[in-house]
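Student: Now for the letters of each chain:
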Amino acid sequence: MTFGVEQAEKWIITFNDKIQENKEYLTELDQAIGDGDHGLNMARGFQETVNKITSVNYDDLGSLFKDVGMTLIAKVGGASGPLYGTAFMKASLALKDKKKADVKELVEALAASLDGLKTRGKAQVGDKTMIDVWEPVIEFLTNSETIQPKELSVLSKEKMEYTKELEAKKGRAAYLGKRSIGHIDPGAASSYLLFVSLAEVFTGGELSS
Amino acid sequence: MKYVSLVLISHSYEIVSGLKKLLNQVQPDVSVAIAGGAEGDIGTNALDIKKAIESVYSEKGVVILFDLGSALINAEMAIEMLEKKENIIIADAPLVEGAYAAVVEAGCGSSIEEVVRASESAKELAKLND
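So the protein lines, in turn, are chains H and E. So that you can map any letter, position 160 of the first sequence is 160 in the UniProt record's numbering, and since no number is skipped, the others follow by simple counting. So that you can map any letter, position 51 of the second sequence is 51 in the UniProt record's numbering, and since no number is skipped, the others follow by simple counting.
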């Protein structure tokens, strides 16, 4: 199985479905330690994104991800817009003009996304952010020959749940200090949904190099 | 342009719209642009911030003041998207007091460094004199 425009669109559409289903949940997580807009912002931003990408026929992954990134930057008001927007813009540069990607190329693109996220958000592992899911997931994928959907889902879930134990160092949650402990980070929760959606694209067929 | 310009960013349009009125009254010669809210809601938007910077861009410099968290992320993103990025500085200052100090300093024809310093020194400002 290869990762082409069809698979990439399926990834974004599946992610949007999960965001819409979990809108209230993400908002509740963000009300506990943030400003309570994560669910709404993500739901609005990714719905706009899906409307955009389903109205255009893409030839390559780069232009598809560029539209995803730009729509998020333009339509999402909270930190999640520029952060997820940066992630997809970086992936679009890595996959410029590529009609499809093998595992290595896809993982390299996601690694570029992770670098962009760390620069944009100035966060590291342990700060109780989306990076606590992204970094271990990218490390796992970099060391895998194939993308195995089950392992990917299990790992990202585990890393999301671990953010509960952490004290927030970034974003609005950082104002709460120790009081942020005991809550899952909303950005980690949406990142988990992103990787589960990617895993679903590969269910029934691993992506091998 | 003779003066350093200011860009005010807030999650709320009303906050920066009111603040701009205040600054225009204090120092009408200094150009002030605002970017507040996102899509008519609470939030900030990199594209709106980019437009605001372009609308008051001055060779002498642009100082950006913001309210909270994601406003900074979007301001940094807006600067990266600009064609002319020289002489644009994000001040680490409280929005209202910092902007007030900045507009007074900019109105004296000061350099961008002096305007940034004035706005950042607003952090140390004692508001009660006892």
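Since the hints were derived computationally from the structure, they do not count as laboratory data. Mixed in with the good hints there might be a few duds.
[As the list claims (entries may be wrong)] Pairs of lysine-lysine, DSS-like flavour, derived with a Cα cap of 25 Å:
1. H:66 to E:84
2. H:52 to E:51
3. E:51 to H:66
4. H:122 to E:127
5. E:84 to H:169
6. E:84 to H:170
7. E:20 to H:122
[Unchecked claim] DEER-style ranges, computed between Cβ atoms:
8. E:14 to H:145: 53 to 59 Å
9. E:92 to H:176: 20 to 26 Å
10. H:1 to E:12: 29 to 35 Å
11. H:151 to E:128: 56 to 62 Å
12. E:14 to H:151: 23 to 29 Å
13. H:178 to E:127: 39 to 45 Å
Beta carbons are placed, not taken as given, at the ideal position from N, Cα and C, and that holds for glycine.
Student: Each hint needs a verdict: does it hold in this structure or not?
Tutor: Each hint tested on the structure:
Restraint check for residue 66 (chain H) and residue 84 (chain E): the C-alpha separation of about 22 Å stays at or below 25 Å, so the hint holds. The straight-line distance between the Cα atoms of residue 52 (chain H) and residue 51 (chain E) is roughly 23 Å, inside the 25 Å bound, and the hint therefore holds. With a C-alpha separation of about 20 Å, the suggested pair residue 51 (chain E) and residue 66 (chain H) falls inside the 25 Å cut-off, and the hint holds. Proposed proximity of residue 122 (chain H) and residue 127 (chain E) is contradicted: the alpha carbons are some 32 Å apart, above 25 Å.
Between residue 84 (chain E) and residue 169 (chain H), the direct Cα distance comes to roughly 33 Å. Violation of the 25 Å bound is thereby established for this hinted pair. Straight-line distance between C-alpha atoms of residue 84 (chain E) and residue 170 (chain H) comes to about 30 Å, which puts the hinted pair past the 25 Å bound. Note on residue 20 (chain E) and residue 122 (chain H): the hinted pairing is violated, with a Cα-Cα distance of about 30 Å set against a maximum of 25 Å. Between residue 14 (chain E) and residue 145 (chain H), the C-beta spacing of about 55 Å keeps the proposed range 53 to 59 Å intact.
Separation of residue 92 (chain E) from residue 176 (chain H) is about 21 Å and conforms to the stated range, judged on CB atoms against 20 to 26 Å. The hinted window of 29 to 35 Å between residue 1 (chain H) and residue 12 (chain E) is violated, with their beta carbons roughly 47 Å apart. Distance hint check: the CB atoms of residue 151 (chain H) and residue 128 (chain E) are about 59 Å apart, consistent with the given range 56 to 62 Å. Between residue 14 (chain E) and residue 151 (chain H) the C-beta distance comes to about 49 Å, which lies outside the given range of 23 to 29 Å.
Between residue 178 (chain H) and residue 127 (chain E), the C-beta spacing of about 29 Å breaks the proposed range 39 to 45 Å.
Hint compliance for this structure: hints 4, 5, 6, 7, 10, 12 and 13 are not met, and every other hint is.
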